[in-house]
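Number of protein chains: 2
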Amino acid sequence: MNRQVLLDSRPQGAASVDNFRVVAAPMPEAGPGEVLVRNRWLSIDPYMRGRMNDAKSYVPPAKVGDVMVGQTVGDVVASNDARIGIGDTVLTSLGWQEYGVARASDVERVDTSIAPASWSLGILGMPGLTAWFGLFDVGAAKPGETVVVSAASGAVGSVVGQLAKLHGCRVVGIAGGERKCRFVVDELGFDACVDHKAGRLPDDLRDACPQGIDVQFENVGGAVLEAALPRMNRNARIVMCGLIAEYGGGEPYAYRGLRAILVNRIRMQGMIVFDWKERYPEARRGLASLVSAGRLTYRESVVEGLENAPRALLGLLQGENLGKQLVRLAP
Amino acid sequence: MNRQVLLDSRPQGAASVDNFRVVAAPMPEAGPGEVLVRNRWLSIDPYMRGRMNDAKSYVPPAKVGDVMVGQTVGDVVASNDARIGIGDTVLTSLGWQEYGVARASDVERVDTSIAPASWSLGILGMPGLTAWFGLFDVGAAKPGETVVVSAASGAVGSVVGQLAKLHGCRVVGIAGGERKCRFVVDELGFDACVDHKAGRLPDDLRDACPQGIDVQFENVGGAVLEAALPRMNRNARIVMCGLIAEYGGGEPYAYRGLRAILVNRIRMQGMIVFDWKERYPEARRGLASLVSAGRLTYRESVVEGLENAPRALLGLLQGENLGKQLVRLAP
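Protein sequences appear in the order of chains R and E.
Here my numbering is used: the first residue of the first sequence is 1, the next is one more, and so on.
Here my numbering is used: the first residue of the second sequence is 1, the next is one more, and so on.
Treat each hint with caution, since some may be false.
[As the list claims (entries may be wrong)] Pair by pair, the computed Cβ-Cβ distance ranges are:
no. : chain 1 : residue 1 : chain 2 : residue 2 : range
1   : E       : Asn53     : R       : Arg200    : 40 to 50 Å
2   : R       : Glu108    : E       : Gln318    : 35 to 45 Å
3   : R       : Pro252    : E       : Gly144    : 27 to 37 Å
4   : E       : Arg182    : R       : Leu166    : 36 to 46 Å
5   : E       : Lys277    : R       : Asp137    : 19 to 29 Å
6   : R       : Gly305    : E       : His167    : 37 to 47 Å
7   : R       : Ser57     : E       : Gln211    : 18 to 28 Å
8   : E       : Arg109    : R       : Arg200    : 53 to 63 Å
9   : R       : Gly13     : E       : Glu304    : 58 to 68 Å
10  : E       : Arg21     : R       : Asp54     : 28 to 38 Å
11  : E       : Val77     : R       : Pro252    : 32 to 42 Å
12  : R       : Asp54     : E       : Gln318    : 35 to 45 Å
13  : R       : Leu166    : E       : Ala82     : 48 to 58 Å
[As the list claims (entries may be wrong)] Computed far set for chain R versus chain E, every beta-carbon distance over 12 Å:
no. : residue
14  : Asn19
15  : Pro116
16  : Arg234
17  : Asn264
18  : Asp275
19  : Pro281
20  : Ala288
21  : Ala293
[To be verified] With the Cβ distance kept under 7 Å, some of the chain E side facing chain R (calculated, not the full set):
no. : residue
22  : Ala245
23  : Glu246
24  : Gly249
25  : Pro252
26  : Arg265
27  : Arg267
28  : Gly270
29  : Val273
30  : Leu314
31  : Leu317
32  : Gln318
No lab work stands behind these hints: they were computed from the structure.
Keep in mind it's a predicted model, so treat the numbers as computed, not measured.
In this text, a Cβ means the ideal position worked out from N, Cα and C, and glycines have one as well.
Looking at chain R on its own, in the form it has when it is part of the complex:
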């Protein structure tokens, strides 16, 4: 049998475990040109909350009754395509289930001799690539500038801040709670970290950025982005990468202070990493060489077992993870 997690209902407000259902389905079979994959790792990402709503985002929403969507890494157990062999480790998007069938042309082989398989969902995958292109292409960070990163201990933020440090920037994180802030400063090497749960975000952010902010790498939005706006320098950039503060359902956040964008000629730009597909190899090489040289720290938070995937997502949305959140589906 193939265990699956289905979207059982759409959340009204905050998501809960009741919006999901674990079922046992028949084992799928690979048709012509397809491969059957035993999923080993499931990536848990903030965008998944958006897919649970009945609203168009980058892509159509997940359907109620369908397997929840998500990127996976697993081992090929049956193949009807000459390019992919049994035992190959592949990156694909089979969602929240233990097995899945993909077209061979839709999977990407993962070289596990270079890095552990799970890294292709984290530092060498979407989060790492997002950090790379967001910081350098969208944010256009320059040495000596002050870069602020929200969700600084998360899969994207932790890479953004370290890349910015290596690039010669002053780097300030924003994270929720002392534990995360210590991780960000002590283990990741940020210059400072502001705890947005301490209740003094605007003042603390001002104190942590005596030269103002040149790049705001925004993963959170809401009050966090609002606190950054008045601190931004002339010609500063806001990389709009995520708005996890707005993913909880309810009314969209109402942002005050947009006049700063006019007065200080700020550029605020939304980004989705898919738009850089042709340049993934360049970024992967850059990230891999920094990790293997020990210059980039990479941390994973692992939850065991498919049945715990809903809790992993809810925890991520409440900011419980450090680094990349994964679910291990098979040993």
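Following the hints, put chain E in place on chain R, whose structure we already have.
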């Protein structure tokens, strides 16, 4: 004597004529390297409302008791600099007064054989240049795209829309009232104009932009910008040129729907025309040739007499003008 309009008090909320005071001052004298100018035209612009507040904007605020700031065109009546002769027409920033003294190096000679002197405050001045660089450099408008311009009948908006039409765009204006909308469509040649006073802005904007919005040239902000956000296409641009809706004092506007910036990879960018100073000549040549070829319509709203400058500004802030608002200070 030299009549002047002083900032007499800072507005609490909306500005009123009581915030200004007309006085008679002694005639100023030109010192070494200076010129004495009899001001003929005073430019009235939305940014002036911001200067009345005690808040840093692009530049420091006007001081209570000082002559109100503003760009002027006038005739040199005394000169202590060999480069500027008596009778020369010059563009400078002498503010709300009939005479003023400027350093010769701070004035720009205006060639009145090419165009009327007042045009250097309008179509060939800051508003025209703002339209040019905002549309092409910041907005990066491309033929076939839909460009929406708010304050469409104003000094900047009227030029933006006409330039966009000449560039091959579909152009939709947003203006307040039927008269302005008729002007925008019938005289300026926009494809459509939405009356934001009709109370159906989101629906009317959607109907006027069946292909969505690629460039939002924003002069107004507030509910106007908020109505545009959900209509914006992937990779669309918002040119943040003015936020006249927020200039009235009171609380800053609270914008909902910024998530569209993320989902659709929108670029929102603030602009101030000063940043293109080195390229003014190129834009002036472009604008002048279009006007002289009859391809660009230019309209001025003229108020007579310095003492009426406060009313001209208040009228502008309430949207009463069509085209460039000027005060004629001398015949």
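Structure-based check of each hint:
At about 27 Å, the beta-carbon gap between E:Asn53 and R:Arg200 misses the expected band of 40 to 50 Å. In this structure the hint that R:Glu108 and E:Gln318 lie 35 to 45 Å apart at CB is violated, the actual value being about 59 Å. Range check, R:Pro252 to E:Gly144: about 31 Å between beta-carbon atoms, so the 27 to 37 Å window is met. Taking 36 to 46 Å as the suggested C-beta distance range, the pair E:Arg182 and R:Leu166 does not conform, at roughly 59 Å.
Roughly 28 Å separates the CB atoms of E:Lys277 and R:Asp137, a value that falls within the hinted 19 to 29 Å. In this structure the supplied range 37 to 47 Å is violated for R:Gly305 paired with E:His167, their Cβ-Cβ distance being about 58 Å. Checked against the given bound of 18 to 28 Å, the beta carbons of R:Ser57 and E:Gln211, roughly 20 Å apart, stay inside it. For the pair E:Arg109 and R:Arg200, the beta carbons lie near 55 Å from each other, so the given range of 53 to 63 Å is met.
Between R:Gly13 and E:Glu304 the C-beta distance comes to about 60 Å, which sits within the given range of 58 to 68 Å. Between E:Arg21 and R:Asp54, the C-beta spacing of about 59 Å breaks the proposed range 28 to 38 Å. At roughly 58 Å, the beta carbons of E:Val77 and R:Pro252 sit outside the given window of 32 to 42 Å. Distance hint for R:Asp54 and E:Gln318: a CB-CB separation of about 42 Å, consistent with the stated range 35 to 45 Å.
Separated by about 56 Å at the C-beta atoms, R:Leu166 and E:Ala82 satisfy the suggested range of 48 to 58 Å. With a cut of 12 Å on Cβ distances, R:Asn19 stays outside the contact zone with chain E, its closest approach being about 20 Å. Here R:Pro116 stays apart from chain E, with its beta-carbon at least about 30 Å from theirs, past the 12 Å limit. Its closest Cβ contact with chain E, about 9 Å, brings R:Arg234 to no more than 12 Å, contrary to its assignment away from the interface.
Against the 12 Å criterion, R:Asn264 falls within the reach of chain E, whose nearest CB is about 6 Å from its own CB. Residue placement check: R:Asp275 does not keep its beta carbon more than 12 Å from all beta carbons of chain E (closest about 7 Å). Distance check on R:Pro281: its Cβ is at least 22 Å (rounded) from any Cβ of chain E, clearing the 12 Å threshold; non-interface status holds. With a least beta-carbon separation of about 27 Å from chain E, R:Ala288 lies farther than 12 Å from that chain, consistent with its non-interface assignment.
Against the 12 Å criterion, R:Ala293 stays outside the reach of chain E, whose nearest CB is about 32 Å from its own CB. Annotation: E:Ala245 was flagged as interfacial toward chain R, and the flag is violated, the nearest CB pair being 10 Å apart, outside 7 Å. For E:Glu246, the interface hint holds, since its Cβ comes within 7 Å of a Cβ in chain R; the closest pair sits about 6 Å apart. Checking E:Gly249 against chain R: minimum C-beta separation of about 12 Å lies over 7 Å; hint violated.
Interface hint at E:Pro252: satisfied, since its Cβ lies 4 Å from the closest Cβ of chain R, which is below the 7 Å cut-off. Interface restraint check for E:Arg265: the shortest CB-CB distance to chain R comes to about 4 Å, inside 7 Å, so the restraint holds. Evaluation of the E:Arg267 hint against chain R yields a held restraint, the C-beta minimum of about 4 Å falling below 7 Å. Against a cut-off of 7 Å between C-beta atoms, the interface hint on E:Gly270 holds, since the closest Cβ of chain R lies about 4 Å away.
Given hint, E:Val273 at the interface with chain R, is violated; its Cβ is 11 Å from that chain's nearest Cβ, farther than 7 Å. Taken as an interface hint, E:Leu314 does not check out: its beta carbon lies about 21 Å from the nearest beta carbon of chain R, beyond 7 Å. Interface hint status for E:Leu317: violated, as the beta-carbon distance to the closest one in chain R is roughly 16 Å, over 7 Å. For E:Gln318, the suggested interface contact is broken, since its CB lies about 20 Å from the closest CB of chain R, more than 7 Å.
Hint compliance for this structure: hints 1, 2, 4, 6, 10, 11, 16, 17, 18, 22, 24, 29, 30, 31, 32 are not met, and every other hint is.
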